[in-house]
Amino acid sequence: MSTASVESIKADSRRLRGSLLQSLADPVTGSLREDDQTLIKYHGSYQQDDRDARETRRTAKLEPAYSFMIRTRTPGGVVTPQQWLRLDAIATTYAERGLRITTRQAFQFHGVIKTELKATMRAINAALVDTLAACGDVNRNVVVAANPLVSRTHAQVHAQAAALSEHLLPNTRAYYEIWLDEERVAGSGEEAEPIYGDRYLPRKFKIGFAIPPTNDVDVFAQDLGFVAILDAAGALLGYNVAVGGGMGATHGDAETYPRLASTIGFVEPRHVTAVAEAVVTAQRDYGNRDVRKRARLKYTIDDRGLDWFKSEVERRAGFSLLPARPFAFVHNGDRFGWSEGEDGRQHLTLRIPAGRIVDGRLDGRGEDLRHLSGLRAIAALLDARPDESADAEFRMTPNQNLVIAGVAPTLRAQVDALVAEHGLDGWRRASPLRRNALACVALPTCGLAMAEAERYLPDFVAAVETLLARHALQDAPIHLRISGCPNGCSRPYLGEIALVGKAPGRYNLMLGADHRGQRLNALYRENIDEAQILAALDPLFADYAREREHGEGFGDYLLRSGVVAIPDRDRRDTAPFPSIPIEIVAESLA
Amino acid sequence: MSSSLALPATPLSNEQADAVARLTQDLDARGLWWLSGYAAGLASREAQPAPPLAAPVRGETATPGRISIVYGSQTGNARRVAEQLAADAESAGLGVRLLRADEYPTRELKHERHLYLVLSTQGDGDPSDDARDLHDFLLGPRAPRLEHLHFAVLGLGDSSYPQFCVVGQRIDARLAELGAQRVLPRGDADLDIDGVAAPWRAHAVAAAKDVLKPSATVTPLRPQPAQAAPAFGRERPFQAELLVNQRITATASGKDVRHVELSLDDAQFAYEPGDALGVWPRNPDALVATVLDTLGLDGDAEVAHDGVALPLRVWLGEKRELTKLSRPFIASHAQHARSDELNRLLAPEHAERFATLLAEQQVVDLLQRFDGGWSAEELVAALRPLTPRLYSIASSRKAVGDEAHLTVAHVEYEHGGQTRWGAASHFLAARDGGARVPVFLESNDRFRLPADASRDIVMIGPGTGVAPFRAFVQERAALRSAATGRSGRNWLFFGNPHFRSDFLYQLEWQRALKNGTLDRIDLAFSRDVSRDAARKVYVQDRIRERGAELDAWLRNGAHLYVCGGIAMARDVHAALLDVVAAGNGGDRDAAEAFLRELQQQRRYAKDVY
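Quick note, the sequences are listed as chains A and B, same order.
The first sequence runs contiguously to residue 698 in the numbering used here.
The second sequence runs contiguously to residue 847 in the numbering used here.
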């Protein structure tokens, strides 16, 4: 769809209402009208269809098997056990393909049909979760470090993130009118949108909060990143502010590219909202609304200059940013198993392959799983013991995994039993490669996918594991990411090894990022199939096995050995700063 | 093909009559109709009015020396028998007029002298749709005394139903009651029609000759009517090439419905929307093998029956019904199997269980369940002849040219661990592109688009009943582009179990709505109930919901069409009554009268099965 038409759809939509009600009521098709397909994104949903069935249905004179994906707005990926049970019930009742944890700490429901869309939205809202602005040209789900080591600081940061998410919500009442049958009030259709104006943002906007030494949120991939700076005791001093990150690109179009955010200063916690609003409104006013592929903040900054942007932000915020503080990231993956917070509460991080939680064999492939019922059982356990579970939370990680947080020590054994009984302890047996691998959803539901990602992950990981084993590298903690297309929803450009889909069965092979989310990778081979990918990796693994330095990551090795060359603009290496880890790691059970 | 051949006393000289006979000998129905119009046009240029040549005689009294043959036919069988009788009578030198029951002018009845009726009984004792009015008239108080009438009745029916041939019985009894004179006993023909119909026809012709004593000087205008029949027909089907056999329900659907496209090149199939295609199936080899195996018979053994000798395998595969049971066969098998259980089922008090047996079981199931020996000859004699199945044509020649499209529900199910099929639906479903399918045209001029293209139409066609409406919409779309006047609106009611998998021709209907060739559509997907709904929703529910608007359309002259299952048509009729009654202040009798009037005006047509 052309930029002009998206912009006019927004402007003419009466604050995101469009003709959604009529579209929902049309019984002849499972689709929305075209303009409404754009607008429903702002309500947290995408129209999709089963791409596996497209051709068969067309020859059967049937329209595509339309359905809707609904994505939650869950800042920092946090839900209570009660909310988990409600969302699980919604997945079972209205959706297909279980529950999906995204790389932005949100839930996705797939396969909701149009006639059940409203009921599903109502059910989600009844769980005290909403889906507002989960998609569309607005601020998206705010991500927050999920594997913190300091519980108190995490709570503080999370609270700020949640408040910011609320603050940046569109003001329109459309959502409540359409899904929750709330009354139209005076001014309905012309609500003031002080932050977004009547055409919202030029494109999506992503905010993340990182808490060093973990960079699980990949803070430099965000449009606006906040890096928490802690003092020696682990208390929150404030945040470094980084702007202009973004993953998306278009194959073969040099005008589009991934970019890492640039740090522009430091703010105290009380200034977070003001800075965020300043960045968002500056992007609103200066972002490219003529050429949609150049609309992200990263291009606004590259077009107009970082210094200019920083002054614009300071002007709008009404204060100057302080000098950025030093910090260090050790890792952007998840740390699996149990960890204990400062307050004695236990946190269990489970690996959820590609974030997909199902029972049974999805699409008739793979193992017969019991993950959905397992997590339901754990949530029910916590829900049944409120006195011990006042702080219990389910936290989705930006790596598509799940932390069962705030578990009272008295419940730990039972949680472990349920985990083992339902096969949720796969992380124990999984290789580091397998544990860290990410994949976007891609087929059969994503309309943009050029190749498989989530459904291909198990087979490809197995193939690479075999290859690694040949070089005695089976324990190498390599970060692998697969995306079905260059939009990069699995943050592939930050993968030590990445596949970016180009055509069915064919990918671009990217290599050389670090394992901290501070260096982009580079294109190594273009448009190749699995056999060629493995053939390309084989000699590199051999060299790595032979020549790596102690503790050197695969991506770092490739850079050092000259296999890839990464320009400075694609690196945000910070000076190492001795962090004072306050952690007690207990990965094995007694 | 014309269904009414009226032969008034001729004003032509013998030479002129010969010339006309030669001219018309090779004309088919279309040609004859054209000729009549041409002649009428010529005639109207002269000042004198003249009766049309080949149109049914109306307003004229029944000619003394002529027999009237009236038929009431639902699927074409009674009509065929009546046509054969007409041909036989003409060959014998008799004057004949052949009329469909709803075209017979009842006010002429008291002048009628010699009347033969061929009437079929539907389902549980109903007359065919085209005979309902005549049936009600004859049985009602306005029927005149008929002391001067000679008559005979041949009834067609299905002994599987309790009220076998009851319509023929009623009419036969009633005419006698009105004082008319029976010239031969009533015939009651079961599904093996010719067994009864052929001798009855012979007797009927003989009796008519006796009574009317035909004059030798009467020269029929068409001395050899039988030979001028079209090249292809029921007994001589055309081998149509299968072009497309496409499943149009999604894989997830419980139903397997096929869109079939057949090539009718060179076959002169000038069908109109509303017509049906008859398909002659063959039974699947697997089924034949199972029957042979169950009875321990040799498929290659030659069996002679009625002057035809064929291997048993061919009899079973191509000439005999193996899927549908019939009462006579069950009765025979009860003997062969010496089965008390089966005999009990045949008794009238078990009619309901018997009906279930008929509905759920096939010949092979009976043979397997009840052990009874049959010889090959006995089997061939006892099984019913294979009949063609009729499918409403789902296309308009204006849209698809020399093709006919069909919408076929493939009947396939498991029974006792074995697969069972519908004969014709499986025959079609199992054919690949390029295969030949024996077909013939079965016109249905009771199911036609309005002649006036500005009339609105309401089409009610759930499931495969939607087929003729695809033809209607295609036809009207083609007419619309050629037309200059106002085009009537088209309104479709469709239903099936699931929206996602059973919305037959969904893309085509969406396109039609978009380009205006379909104005309204109302949908009822019965298994897609919302989680709050208490019950399933069917087309009749939608009819009631749209009652006010529907009533307005009807009062504005819209034509109403219903196609599909009998039970559905009944439910739809009830809903239509509700709708009309709601519109007239609650007067149900007036509503009944209104719908009846619509039927008589040919504005309420049904194609039900």
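Hints in this document: simulated from the structure, not taken from any laboratory.
Ideal Cβ positions, reconstructed from N, Cα and C, are used throughout, including at glycine.
Some clues are possibly wrong.
As a list, the in silico SDA-like pairs of lysine to any residue whose alpha-carbon atoms are at most 25 angstroms apart [unchecked claim]:
| # | chain 1 | residue 1 | chain 2 | residue 2 |
| --- | --- | --- | --- | --- |
| 1 | A | K169 | B | K636 |
| 2 | A | K418 | A | H439 |
| 3 | B | K774 | A | V399 |
Chain A stretches covered by chain B per the calculated footprint, using a threshold of three residues with CB under 8 angstroms from any CB of chain B [what the hints assert, rightly or not]:
| # | stretch |
| --- | --- |
| 4 | 522–534 |
| 5 | 656–662 |
Which residues of chain B face chain A? A few of them, derived with a C-beta cut under 8 angstroms, are [said to hold, decoys possible]:
| # | residue |
| --- | --- |
| 6 | L481 |
| 7 | D494 |
| 8 | S501 |
| 9 | A505 |
| 10 | Q506 |
| 11 | Y743 |
| 12 | L761 |
Okay, the hints, checked on the actual structure:
| no. | hint | result |
| --- | --- | --- |
| 1 | K169/A to K636/B | 21 angstroms, holds |
| 2 | K418/A to H439/A | 28 angstroms, violated |
| 3 | K774/B to V399/A | 50 angstroms, violated |
| 4 | 522–534 | violated (count 0) |
| 5 | 656–662 | violated (count 0) |
| 6 | L481 | 14 angstroms, violated |
| 7 | D494 | 11 angstroms, violated |
| 8 | S501 | 19 angstroms, violated |
| 9 | A505 | 26 angstroms, violated |
| 10 | Q506 | 29 angstroms, violated |
| 11 | Y743 | 5 angstroms, holds |
| 12 | L761 | 5 angstroms, holds |
Consistency with the previously given hints fails for numbers 2, 3, 4, 5, 6, 7, 8, 9, 10, ordered from lowest to highest.
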